[in-house]
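Using the hints, position chain B against chain A.
Line by line, the protein sequences give chains A and B.
Each residue of the first sequence is one higher than the last, beginning at 121 in my numbering.
Each residue of the second sequence is one higher than the last, beginning at 6 in my numbering.
The set of hints was computed from the structure by calculation and includes no laboratory data.
These numbers were taken from a predicted model, which means no experiment stands behind them.
Quick reminder that beta carbons are idealized off the backbone N, C-alpha and C, glycines included.
Watch out, some of these pointers could steer you wrong.
Coverage of chain A stretches by chain B, computed from C-beta distances (three or more under 8 Å per stretch; other residues unrestricted) [claimed, not checked]:
id: 1; segment: 199 to 209
id: 2; segment: 350 to 364
id: 3; segment: 372 to 383
id: 4; segment: 432 to 445
id: 5; segment: 453 to 462
Distance condition first, Cα-Cα at most 25 Å in a straight line; then the derived BS3-like pairs of lysine-lysine [to be verified]:
id: 6; chain 1: B; residue 1: LYS1132; chain 2: A; residue 2: LYS162
id: 7; chain 1: B; residue 1: LYS762; chain 2: B; residue 2: LYS703
id: 8; chain 1: B; residue 1: LYS349; chain 2: A; residue 2: LYS215
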Amino acid sequence: MSSNTPSSSAGGVGSADSAAPRRNSKRPKYSKFTQQELPACKPILTPRWVISAFMLVSIVFIPIGVVSLFASRDVVEIVDRYETACVPANFRNDKVSFIQNETTNKICTRSLTVPKRMKQPIYVYYQLDNFYQNHRRYVKSRSDSQLKDNSSWDDVSSCKPEDDANGMPIVPCGLIAWSLFNDTYNFSLNNQQLAVNKRGISWKSDRDSKFGSDVFPRNFQNGTLIGGKRLDPNVSLSEQEDLIVWMRTAALPTFRKLYGKIERDLQPNEVIQVTLENNYNTYSFNGKKRLVLSTTSWLGGKNDFLGIAYLTVGGLCFFLALSFTVVYLVKPRRLGDPSYLSWNRNPGGH
Amino acid sequence: MDSKTPIENLYSIEPALSSSSRRSNFSSNSKSLGGNSIREVNFVDLGPKPVKYGSRGAESETYSMSQREINDEDARLVQINDPVKTNERFEFAGNSIRTGKYSILTFLPRNLFEQFHRVAYIYFLVIAVLNQLPQLAVFGRFASILPLAFVLLVTAVKDAYEDYRRHRADNIENNRPASVLVNHEFQQKKWKDIQTINLDGESNLKTRYAKQETLLKIPEKENVSGVIKCEKPNRNIYGFQANMEVDGKRVSLGPSNIILRGCELKNTTWAVGVAVYAGRETKAMLNNSGAPSKRSRLETHMNLEIIFLSLFLTALCTVVSVCAAVWLRRHRDELDYLPFYRRKDFSEDEEENYNYYGWGLEILFTFLMSVIVFQIMIPISLYISMELVRVGQAYFMIRDTQMYDEPSNSRFQCRALNINEDLGQIKYIFSDKTGTLTENKMEFQCASIWGVDYNGGKVSSQDQKDGYFVQVDGKVLRPKMVVKTHPELLQFARSGKETKEGSHVHDFFLALAACNTIVPIIVDTPDPTLKLIDYQGESPDEQALVYAAAAYGFMLIERTSGHIVIDIQGERQRFNVLGLHEFDSDRKRMSVILGLPNKSVKAFVKGADTTMFSVIDRSSNTSIIRATEAHLHSYSSIGLRTLVIGMRELSTSEFEEWHSAFEVASTALMGRASLLRKVASNVESNLCILGASAIEDKLQEGVPEAIESLRTAGIKVWVLTGDKQETAISIGYSSKLLTSKMTQIIVNNNSKESCRKSLEDAIIMSKKLTTMSGTTNDTWRTLGASLTPVALIIDGTSLVYILDSELEERLFELASNCSVVLCCRVAPLQKAGIVALVKKRTSDMTLAIGDGANDVSMIQMADVGVGISGQEGRQAVMASDFAMGQFRFLVTLLLVHGHWNYQRMGYMILYNFYRNAIFVLVLFWYVLFTCFTLTTAINEWSSVLYSVIYTSVPTIVVGILDKDLSRRTLLKYPQLYGAGHREECYNRRLFWITMIDTVWQSAVVFYIPLLAYWGSTIDGSSIGDLWTLAVVILVNLHLAMDVIRWNWITHAAIWGSIIATFICVIIIDAIPTLVGYWAFFHIARTGLFWLCLLAIIVTALIPRFVVKVLYQFYTPCDVQIAREAEKFQAEIQSAAVEVEMNPILDHPRP
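So that you can see chain A by itself, here it is in the shape it has in the complex:
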């Protein structure tokens, strides 16, 4: 009610009520923050910025693309698809029965010619196609606690339907371990055994922390249906590197797994004899099997995609930079010119 009479003429007659608001004023404290006036940078896409940005991208991308492409081209790769060739002609119509028949001879010989000089280490991979290691049922079918720790050897609840056999828990349990790849390769060069180093093909972190050194295979591949490789019950899981590699499930349905390393150089036109045991059943789902020998570059294996992608994007940006330059020159607009404002553009009001 003090506001009724603020214009009181009676000079300094400070009535009590008019003094009150002054004492505890609610005026908000001024600060740059509360007034939303913090110092700020206001970038605006000026033509110069835009063109420089595109140029910068193309300057960075094109060299990267070239380098990547060269890196990929440097990689020497020998790929041998053998899943059909390694089935005897009389079984070609019924490959599944061939592979499931324990008595058939699975040995198969392949010869690979080295196209270019291959510097060591040469990685030996097997490549599977159409094998969904990322299938939900499959990915889940493992027991990490069991793999790590001997005391939880019977923790197999997540491993169904490969949790126990003959009433006993399986170690390592689950579909992943059960379906362990079991083709084997033996290489010889000029009738001499070509050593394949199978140590250190898995991640060290897996060997150290995920697979226990005191966990041994138990009751493994004892069930009705044999899925793949058998494991030596006297070797601890942390040393079963094939298993460790296999259990790092692939992201995509076409994948390679490291089989071993050949630690010597191979010369062009040398012919490598591969004696392989074709045990693994990919026939029931039309899976392909390939044996791959490959060198690596800083970029990994042979894959041109990234190089091409970089060149494309770099080229596109270069093109965009050029066309924007042309466009700006042909049809410029003065930035921040108020005459472009809609109400100035519209002379209707005048």
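Chain B only, in chain A's frame:
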């Protein structure tokens, strides 16, 4: 209430009067408490007819209560001094109040219960529950509940804080000390323990008095006993009806005899009363229903888009399940032995299917699982982000120093937290006049007495510097406010009753000093010889009149219920107040019956001209009446508020007749109000006209500029006032609402037919005017800014015929052709009716602004209600969504904060859609490569944390802090507000463009790594980490690309989020029990990883960048140009000179 108060006057202030609601429509009742000031509000000319604007009828019923008698069932009996008997039948509420919703014990269940009322949360819950079914367990148990838990927690913390504040307020309220009479002794007690009193009131002073019958009781000495029979507790703060039986006599009690909760006593140190309502049953608490909840327009649009998103979600899930069905069918023979499927379980004795429930069910499960995996397609987190952003925006609006009102010491108040962004799209403003456009500080300007106009007097004479004063016992007594006086009139006033003019002037000022409900309060000053008289009362008009009377030597010194003392030219005179007919909205006048010292009895009446001329004796003094009418017309045409003063001398018989009728009426138990009105209209007749007074209602500071800004911004301003047409028009001119260039169309009719005709004529005319000038440009015309603007002036009587009839359509058509609409003499409900008229017919946003109880209905009807926390009480503020001290703050609120809020919220919604959809799409692409089995390469913790940690903070920070334009620019070019009208920041087109961009970006994120790693040794967790980081960085850089102002907080939020994501991924990959153990360290060592990341980010953003550049450069929106202008101001300065004037040219000054 009541009563045994050996006290003369109780005054009350009501700081805590609460919101609510429609009943305040009947604000006119409020005036009955005191003044007869002509507020804008009254039910002009509606007479007994119910207010037309319908739909509220039922409620209004309740408030005609004062007409009704109290039935026994509806009554409450309070035994004075006998608590046992009072409470024997049922327990009345205690005095402790509780506005808090929860207690510590009930918080959890009740809060959860309330939260799950929201559909969004139910969706969350259903998904979490689905995930618990073993067949559908996509995520781990904990990970699946986390998002829901997080959402619930954030909301619960927010609710708990709000409730804590309410509890604290309750506590302060409950622990105020009070003194209570217990067994004839006063004891100090805490407020909450008291079974007594009950307060409430309005912000200005009101007289409360005890009934004569109880004045002599002294409760400490004698045992008072009696019964009070009163209404059941109700929400009507303007009505109270009860009667009291004391000493065998029945005394009736009305609103003047009750002190409501929240009142403050003034002018007395103590009062003794009987509590009738306590605690939650007090009127203040019953009215405390809080602001009504509204939903913002942006949110309504958004909900539609969310339906699109859910259709999209359904489509994705359908695609997945159909593909899964085909796959299962094609491989049905192999499933048993497939190494990665292995349907058969051999571990049991009997071979059986493991986790396979047949083709049909598998498809259903796939569908449900995909819903679980893709759940964040529906951006639930958006609702929380929006709430947080609004809180942040409200914080900045409240803290804005430019919306702080110094005189009333009030900050901006944000009462509704869910319509901030609507402020950026307002198209119509409906404004009250008095107290909103004007200050509601009345100043007496001039008078017409006995047909003579005393106008334009200069403050000339010397003694006027200090104004009139009287000396009492050597002390000087002086009115607190000085009024300029007219020298000639002053002369007459001093000359006494001797001359003819003198006697008229005497009567006139006596009427001004006596015929009111003003209470003089003597205030001490530091100077012991000087005292000031402060006139306090409910009506500012009355205050102005009493100050004026004092300036002319008729100083009101003392007022009690029985008499008044007036110092007339230095001579103290005592007048007996024999009766007082309070102001009411039907009569629109008040009268006082005075017993003069010379034993004669006179009735002084003052009131609005419309009703006064009908009760003035027109047989004599016709020339004076005509002269006065002419003066009234000229006063109101310069914007003054006028009142007509009349007088009647009562003969003894007339007085006796009146007196007995008055006695009967005022103690009647049935229909007291109508009886009193009848008595009043009997005595208020055959009046002799004394003259008319004119009061200036000053415009608030900055109102013309504000209105001009708002109109330049393309907002239509409608003024709805209770004033006379002439007054309204003149205020229209002074506030620049009307300009001399405008063509005025006035609709002022008395029947439906004539209304129809004048509306149709007006439509033709307005069309002619607008098309004539607007042929050049169509869009310009629709903006309502045609060359010859048309102003529509329509009065309340015409509106009676138009509203709620088929003529509404015509009126709307007419009004949309007009750039200004002025409605005068409108009743409160009509105000709401006009708002509804516009709201129903357009999708444009409406805003209503007002300060009084009469504006409540319109404030609640409009999309956005703004209350002015001025002098007229708190109802408007309590009912409003936003409240502020001055009308001109509206410019800052709409053009600056509204624009910002709209832009921020619009962008934030689109961005959140994009942010969630891109993640879902990346998951979806991967599912296509996993036999449609909903495996996610991105691990479940990252999925959960994605919308909680990885990307949540930047969008909220940008939603609160980003500014597209500075305050200065926005105020300089009000037209920039058009961005909100044109829905530039959020529309269907932008939504689809964003979605297309999202599909592209997600494809880039997914397919670049897919192709780069195809046929390699990459494992799921590693590529999952790549996808996670790519999405998060991309999403944050996408935001960064759109941020307009980078301050350190924005930097911290965006870069911090990316860093936080890296840290989280590292932590997750350092947990040995998870599948992805150490994956990040392996992949981050390879160059391919970083090259993929770079390629993804650049490639994904290129299309958006190109489109943005082209759009900004070749079809720049106004905001963009203004932004550039802001940045390159120096270069522009020179060019600006020529353009500067353009925005104003369209709106020529008068």
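So, going through the hints one by one against the coordinates:
1. 199 to 209: Violated: only 0 residues of the segment 199 to 209 of chain A have a Cβ under 8 Å from chain B.
2. 350 to 364: violated (count 0)
3. 372 to 383: Our answer is that it holds, as 7 residues pass the Cβ test (under 8 Å) against chain B, meeting three.
4. 432 to 445: holds (count 5)
5. 453 to 462: holds (count 9)
6. LYS1132(B) to LYS162(A): Cα-Cα ~8 Å, so holds.
7. LYS762(B) to LYS703(B): 36 Å, violated
8. LYS349(B) to LYS215(A): 21 Å, holds
Hint check: violations occur at hints 1, 2, 7; the rest are consistent with the structure.
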